[in-house]
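Asker: Sequence:
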Amino acid sequence: MAAVASLAAALAVSPAGAQQPPIKVGLLEDVSGDIALMGKPKLNGSLLAVEEINNAGGIMGRKIELIHLDPQMDNARYQEFARRLLQRDKVDVLIGGITSASREAIRPIVNRTDVPYFYTNQYEGGVCDASTISIGAVPEQQFSTLIPWMTETFGKKVYTIAADYNFGQLSAEWTRDLMKKQGGQVIGEEFIPLGVSQFGQTIQNIQKANPDWIMTLNVGASQDSFFEQAAAAKLSYPMGSSIKVMLGFEHKRFPPPALAKMHATANWFEEIDTPAANDFKKRWRAKFPNEGYINDMGYNAYTALYMYKALVEKAKSTKKADLRKVIATGEACIDAPEGKICIDPKSQHTSHQMRLIGVNPDHSVRVIKDFGLIQPYWLGEVGCDLTKNDPKTQYSPSNLPKK
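In mature numbering (1 follows the signal peptide of the UniProt record, and there is no 0), the protein residues as written are -18 to -1, 1 to 385.
No lab work stands behind these hints: they were computed from the structure.
Each hint should be verified, as a subset may be incorrect.
[What the hints assert, rightly or not] Derived DSBU-like pairs: lysine-lysine, alpha-carbon spacing no greater than 30 Å straight-line:
| # | residue 1 | residue 2 |
| --- | --- | --- |
| 1 | K72 | K22 |
| 2 | K328 | K307 |
| 3 | K163 | K351 |
| 4 | K234 | K22 |
| 5 | K139 | K163 |
| 6 | K138 | K216 |
| 7 | K72 | K374 |
| 8 | K22 | K243 |
| 9 | K163 | K374 |
| 10 | K269 | K72 |
| 11 | K243 | K190 |
| 12 | K296 | K72 |
| 13 | K22 | K269 |
| 14 | K190 | K138 |
| 15 | K234 | K351 |
| 16 | K328 | K374 |
[Claimed, not checked] Simulated DEER-style distance windows between Cβ atoms:
| # | residue 1 | residue 2 | range |
| --- | --- | --- | --- |
| 17 | E34 | K216 | 46 to 52 Å |
| 18 | Q211 | Q69 | 44 to 50 Å |
| 19 | K301 | T135 | 45 to 51 Å |
| 20 | L355 | A310 | 16 to 22 Å |
| 21 | E34 | S346 | 27 to 33 Å |
| 22 | Q183 | K162 | 22 to 28 Å |
| 23 | I350 | K307 | 39 to 45 Å |
| 24 | S346 | Q2 | 44 to 50 Å |
| 25 | S299 | K385 | 31 to 37 Å |
Cβ atoms here follow ideal geometry from the backbone N, Cα and C, with glycine treated the same way.
Using the sequences plus the hints, can you model the full thing?
Answerer: Printed below as a string of structure tokens:
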């Protein structure tokens, strides 16, 4: 059954005494199934942001009503629930989706409406769509920083294991493209169906190939079994990833040294130690004291609602066209727990403060390098410009816009 969380069902009251309807936020997040461990923090981050915003007076004096449905990692449910939220509930904005497959399942549905859609995960990049605002990090912020460092530090031969759907396939494509630019080589590549939990053959294949390091793009609780099995087999190669540690908090879920030698570039991970990050963590823990880890997905979900609030208040409107006018100015920015972040007008993706992190043998996390603010530049460089046209397309290094 879908879980529904509804907040601020009562109408807000304006200073003049007139009743104002709430701003309806539709939220699609998986809180059951194989990726529930990542989805639950996304729901919690949304709940925290809604509570804070409503307690501070709402958005333009209107309270937020949050309507959450749990698609249970089923893309058909994503489509059904997206239609329900858009057509029956008449939400003002749609937020959510974990996998790239779920995003691609609902994006065409959103595009038949005038409702903006916020995708809050890091992902494989490339979506050039005026209805979609992407909050998470993308390859030019993650792979373009991680892969050069990994090749320089550990060597130019990499073995990739990736989930067998668009996220894994396109992230592997980015890995091949960037390794080639580094003078390196992908010497092995495996795409693992979601739900697979046995990796004996994969481990043997890696041992036979003997890479300098492994790119790990496996997704979900089942596929994360790789780490325990690899540790049991004494597989001790350095690892890199765009999703491990900060999303799936594997360093907290598995005993050391399963995640030792893992490296990633992230805009958020709970170990960030700054005054703004620590204040955010304190507020989160006060509301959710039993949270296992405040992951990147939960953080981005929280940030998305504050970004939406900023857009609506600057536009003085909830209409997608008016929000996009604000984005087009280049001044769609908020002060987030990671630092100041802004939405790029051309791609409608978000700038981020990026850090390279490494997991120690005891599974503590260290910051290896602070890259500072990195813009989501790739789409704009290859020809996506949503201020001029709207192709509603996902591009990749092998599928570029036609000049």
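Asker: So which hints don't hold here, by number, going up?
Answerer: none
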